[in-house]
Amino acid sequence: MDNRYPTSKLLEVLFVRQLAEEVNQGPHASERVIINCVNPGLCKTSLSRNVTGFRALIFWFMKVVIARTAEVGSRTLVASAIGGPETHGKYMSECVVREPSEFVRSEEGKLSQERVYKELMEILENIQPGITKNI
Amino acid sequence: MSGFPLSQFASLPCPTQPFDGQTIIVTGANTGLGLEAARHFTRLNAAKVILASRSIAKGEEAARSIEETTGRKGVCEVWQVDLGNFDSVKKFTERAAKLDRLDVVCENAGIATGGAYEQMEGMESMIAVNVVGTFLMALNFLPILRKSGKKYGTVPKLVVTSSETHFWVWTLSACVVETQC
Numbered sequence: 159m160d161n162r163y164p165t166s167k168l169l170e171v172l173f174v175r176q177l178a179e180e181v182n183q184g185p186h187a188s189e190r191v192i193i194n195c196v197n198p199g200l201c202k203t204s205l206s207r208n209v210t211g212f213r214a215l216i217f218w219f220m221k222v223v224i225a226r227t228a229e230v231g232s233r234t235l236v237a238s239a240i241g242g243p244e245t246h247g248k249y250m251s252e253c254v255v256r257e258p259s260e261f262v263r264s265e266e267g268k269l270s271q272e273r274v275y276k277e278l279m280e281i282l283e284n285i286q287p288g289i290t291k292n293i
Numbered sequence: 319m320s321g322f323p324l325s326q327f328a329s330l331p332c333p334t335q336p337f338d339g340q341t342i343i344v345t346g347a348n349t350g351l352g353l354e355a356a357r358h359f360t361r362l363n364a365a366k367v368i369l370a371s372r373s374i375a376k377g378e379e380a381a382r383s384i385e386e387t388t389g390r391k392g393v394c395e396v397w398q399v400d401l402g403n404f405d406s407v408k409k410f411t412e413r414a415a416k417l418d419r420l421d422v423v424c425e426n427a428g429i430a431t432g433g434a435y436e437q438m439e440g441m442e443s444m445i446a447v448n449v450v451g452t453f454l455m456a457l458n459f460l461p462i463l464r465k466s467g468k469k470y471g472t473v474p475k476l477v478v479t480s481s482e483t484h485f486w487v488w489t490l491s492a493c494v495v496e497t498q499c
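In order, the protein sequence lines correspond to chains A and B. First residue of the first sequence? That's 159 in the numbering used here, and the numbers climb one at a time after it. First residue of the second sequence? That's 319 in the numbering used here, and the numbers climb one at a time after it.
Bound conformation, chain A alone (with noise of 0.2 Å):
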């Protein structure tokens, strides 16, 4: 469960990446909508208001010492929102393009992006058929 919150974030990154290929290919790919994920990095949020005990402590301490204020968070969405091209299935901080974790850019990370695209598609398809239509 420790692993929860990254994991779900993890799994956006992947799934951004693979959507952002599929569109590309996909028969709407003449209309373009440029995909990207973002990192606003730790801020002054309300975001960790439930994590208890001793990790509480971690994150007071930290927002405390390096977090960034919520608006200064919130710049790195705004660089998402104005993004060329060259941000489309990327990951982005700072306000600009970087790198993903080294997981990702492995060869697994490759075919677990693949699996989770698939995975997620079938879980999307069951709550709302012809959804993956959209692609």
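No wet-lab data here; the hints were simulated from the structure. Each hint should be verified, as a subset may be incorrect.
[Said to hold, decoys possible] These stretches of chain A come out as covered by chain B in the derived footprint (C-beta under 8 Å, 3 or more residues): (1) 172-186; (2) 189-201; (3) 234-240.
[Stated by the list, open to error] Simulated restraints on C-beta separations: (4) B:324 / A:227: 17 to 27 Å; (5) A:221 / B:417: 33 to 43 Å; (6) B:416 / A:285: 17 to 27 Å; (7) B:415 / A:182: 21 to 31 Å; (8) A:260 / B:468: 32 to 42 Å.
[What the hints assert, rightly or not] Straight-line Cα separation of at most 27 Å, DSS-like style, residue types lysine-lysine; simulated pairs: (9) B:366 / B:416; (10) B:408 / A:291; (11) A:202 / B:376; (12) B:416 / A:291; (13) B:465 / A:291; (14) A:276 / B:465; (15) A:291 / B:468; (16) A:221 / B:376.
Even glycine gets a Cβ: it sits at the ideal position worked out from N, Cα and C.
Starting from the structure of chain A, add chain B where the hints point.
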């Protein structure tokens, strides 16, 4: 500046590029990053900024705060959505399909539950909200964004708020998106 924690000290430019005429949706816009991003978009002259929030009351409070600091009235609208409820996500995007124009969607909403195991829609809640609900929404937005892009000759954007915490995960177990692991 490279990785965390040094990256925390990177100087981030305050955005200046105008969003004239644009319609922008920000999820999780009642607080934190979503609220501040929505404030920037409003300040930068977006025509319509839709604040998506689980709570209408909190969304309205955010809208008032943005109106006060930017001096721009009638730009922000509050729409209810709960990423942990897939019917709510579908209704939200059905409503968005009626917009004349849509330029940017910031899928910023997300949850961190701490250590507790909670379920939503039969899945672990962070996976339900941050992943399944988020991409259910994303896929429903694609045709809406394409239509607007075609009509206005623009390239719309879909931004997902992720995190550098993804660096902490070195492998994915076989049961990533399933309910119990």
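We went through each hint and held it up to the structure:
no.	hint	in the structure
1	172-186	holds (count 5)
2	189-201	holds (count 13)
3	234-240	holds (count 7)
4	B:324 / A:227: 17 to 27 Å	holds, 18 Å
5	A:221 / B:417: 33 to 43 Å	holds, 37 Å
6	B:416 / A:285: 17 to 27 Å	holds, 22 Å
7	B:415 / A:182: 21 to 31 Å	holds, 23 Å
8	A:260 / B:468: 32 to 42 Å	holds, 39 Å
9	B:366 / B:416	holds, 14 Å
10	B:408 / A:291	holds, 15 Å
11	A:202 / B:376	holds, 18 Å
12	B:416 / A:291	holds, 20 Å
13	B:465 / A:291	holds, 15 Å
14	A:276 / B:465	holds, 26 Å
15	A:291 / B:468	holds, 19 Å
16	A:221 / B:376	holds, 24 Å
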